[in-house]
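Engineer: Using the sequences plus the hints, can you model the full thing?
Spelled out, the chains give:
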Amino acid sequence: MTTTKTVVTLKVNGVERTAEVEPRLLLVHFLRDVLGLTGTHVGCDTSQCGACTVLLDGRGVKSCTVLAVQADGHEVTTVEGLARDGELHPIQEGFWEKHGLQCGFCTPGAMMTAVELLRQNPNPTDEEIREGLEGVICRCTGYENIVRAVKYAAERMRG
Amino acid sequence: MIPASFAYERAQSVREAVELLESHQGEAKVLSGGHSLIPLLKLRLTSPTVLVDIGGIAELKGISAEGDRLVVGALTTHAEVAASPEVRRHLPLLAEAARQVGDLQVRNRGTVGGNIAHADPASDLPAVALALDAVITVEGPAGRSEVPVEDFILGPLLTALGGSDVVVSVAFPIPKGKWKGAYEKYPHPASGYAVAGVAAVIGVDDGGTIRDARVGITGVGDMPYRARDVEAALVGNPATEEVVRRAAERADAEGSFSGDLFASEDYRRHLSKVYTRRALMRSLP
Ligand SMILES: Cc1cc2nc3c(=O)[nH]c(=O)nc-3n(C[C@H](O)[C@H](O)[C@H](O)COP(=O)(O)OP(=O)(O)OC[C@H]3O[C@@H](n4cnc5c(N)ncnc54)[C@H](O)[C@@H]3O)c2cc1C
Ligand code: FES
Ligand code: FES
Chain G
1 MTTTKTVVTL KVNGVERTAE VEPRLLLVHF LRDVLGLTGT HVGCDTSQCG
51 ACTVLLDGRG VKSCTVLAVQ ADGHEVTTVE GLARDGELHP IQEGFWEKHG
101 LQCGFCTPGA MMTAVELLRQ NPNPTDEEIR EGLEGVICRC TGYENIVRAV
151 KYAAERMRG
Chain L
160 MIPASFAYER AQSVREAVEL LESHQGEAKV LSGGHSLIPL LKLRLTSPTV
210 LVDIGGIAEL KGISAEGDRL VVGALTTHAE VAASPEVRRH LPLLAEAARQ
260 VGDLQVRNRG TVGGNIAHAD PASDLPAVAL ALDAVITVEG PAGRSEVPVE
310 DFILGPLLTA LGGSDVVVSV AFPIPKGKWK GAYEKYPHPA SGYAVAGVAA
360 VIGVDDGGTI RDARVGITGV GDMPYRARDV EAALVGNPAT EEVVRRAAER
410 ADAEGSFSGD LFASEDYRRH LSKVYTRRAL MRSLP
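Those sequence lines, one after another, are chains G and L.
Take the first sequence: its position 150, counted from the start at 1, is 150 in this note's numbering, and no numbers get skipped.
Throughout, this note's numbering is defined as the position within the second sequence, counted from one, plus 159.
No lab work stands behind these hints: they were computed from the structure.
Please note that the accuracy of each hint is not assured.
As the list claims (entries may be wrong) - Derived lysine to any residue pairs resembling SDA-like cross-links, with alpha carbons at most 25 Å apart:
id, chain 1, residue 1, chain 2, residue 2
1, G, K5, L, L199
2, L, K337, L, V394
3, L, K188, G, T6
4, L, K188, G, G73
5, G, K5, L, S164
What the hints assert, rightly or not - So these bits of chain G aren't anywhere near chain L, every CB distance computed over 12 Å:
id, residue
6, G60
7, V69
8, G81
9, G86
10, W96
11, C103
12, F105
13, G109
14, A114
15, T125
16, G135
17, T141
18, Y143
19, E144
20, R158
Ideal placement from N, C-alpha and C gives every residue a C-beta, glycine not left out.
Structural biologist: Put into structure tokens, the structure is as follows:
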């Protein structure tokens, strides 16, 4: 038994990344500090704000509440992985078009949560969007436009 | 929010997990979804020296119908329970409760086994487990055993689990005959946990008389409980709103209530009755 480092390999935004980490390292710190992907934010220490939300094997999770060692061998998508070939993801477009952000701090987490929400429910009502975004706290309280942004993205993604 | 150092071991099977736990003699803790444990580690409210990660054990995942009960593997997530066609068909109140745990992201990681093993007095699933007389399968150094949930949850964050025991599954019996059930919750506005959560089941005979009534209540005090007084006031009576209204008034006859900054003891007593009434009303056939 040791508390020494272990080697983990994760596929992050499509690229395999290997590093030696302490077991106590949180996935969010792995992404930010080890890989330099600072788009994923930390907004609380109680697992409540959702600013750290990423996709783990395609499912929205709070990366501040996952150990990097738990994600070993799995795939992670961060906000940096949303755009493809210079084209914004529909959810990014939605936030742009509908002015879904003010200070922008919650935005990466809000967008990743919205992607998860739309995976589960491609055609949500306003009520379902609000419920789906329960795990995202926007300190600027710009929720109205966030809902509009998600609606916009849903329409775009349904084609 | 950085946890203290710990060692990390990954178990490939339940047997191996039990052996690893045993070899660390009470110093090790099981890690499932981590959505109760990691928040505690971050705040350093607990600092085990070893975590035994059971998250990769395939035999602990999934939901199966076995006779007249649904067996939910310990590692099944809240999201999987909420979306399961089996659960929705046979035990809609369980799906309802799972859907109301935390938020979208929490439901993708948190597990049924972890929820029951953690025995948080504000957790949702214990109310449903109590109402349905769920049975927890535990594997320990001496082998497997089945523990009724009433003997399993012993207090706030306290269960019958030994230091080297692993929850394997939770079996939820499907009530027989004609019945309906519901879960009604008052979520804490900040944490999402239950300030009051009530799981109810009403079974009726052909003449519309209540022959079976079950009420499990969580959130209001130190421990989830069965509201047997309410149940006794229902059984043998006609399944009417008036009968439900009167019975629900007894929701606080048992249970130990406590207050905090958000909700006083009196308010929680009040909520236990209101949410019992709401859950029972929706359980009328
Ligand atoms: C922001 C937030 C909001 C939440 N809101 C709610 C809510 O509204 N309602 C609710 O019910 N819950 C809520 N939860 C808790 C969530 O449901 C947890 O996921 C669950 O309680 C624990 O499951 P886990 O798999 O994450 O367990 P872990 O965190 O991995 O473990 C919890 C504890 O149980 C032990 N343990 C875990 N699995 C086993 C096992 N198979 N055998 C033996 N011991 C085991 C661990 O050693 C640890 O002590 C919330 C959590 C968060 C972070
Ligand atoms: S930083 Fe993860 S929920 Fe707040
Ligand atoms: S835009 Fe400022 S926190 Fe949401």
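Engineer: State for each hint whether it applies.
Structural biologist: Each hint, compared with the structure:
no., hint, in the structure
1, G:K5 to L:L199, "22 Å, holds"
2, L:K337 to L:V394, "14 Å, holds"
3, L:K188 to G:T6, "19 Å, holds"
4, L:K188 to G:G73, "22 Å, holds"
5, G:K5 to L:S164, "11 Å, holds"
6, G60, "5 Å, violated"
7, V69, "5 Å, violated"
8, G81, "17 Å, holds"
9, G86, "29 Å, holds"
10, W96, "23 Å, holds"
11, C103, "21 Å, holds"
12, F105, "17 Å, holds"
13, G109, "9 Å, violated"
14, A114, "10 Å, violated"
15, T125, "15 Å, holds"
16, G135, "3 Å, violated"
17, T141, "14 Å, holds"
18, Y143, "14 Å, holds"
19, E144, "19 Å, holds"
20, R158, "20 Å, holds"
Comparing the model with each earlier hint shows violations of hints 6, 7, 13, 14 and 16; every other hint is respected.
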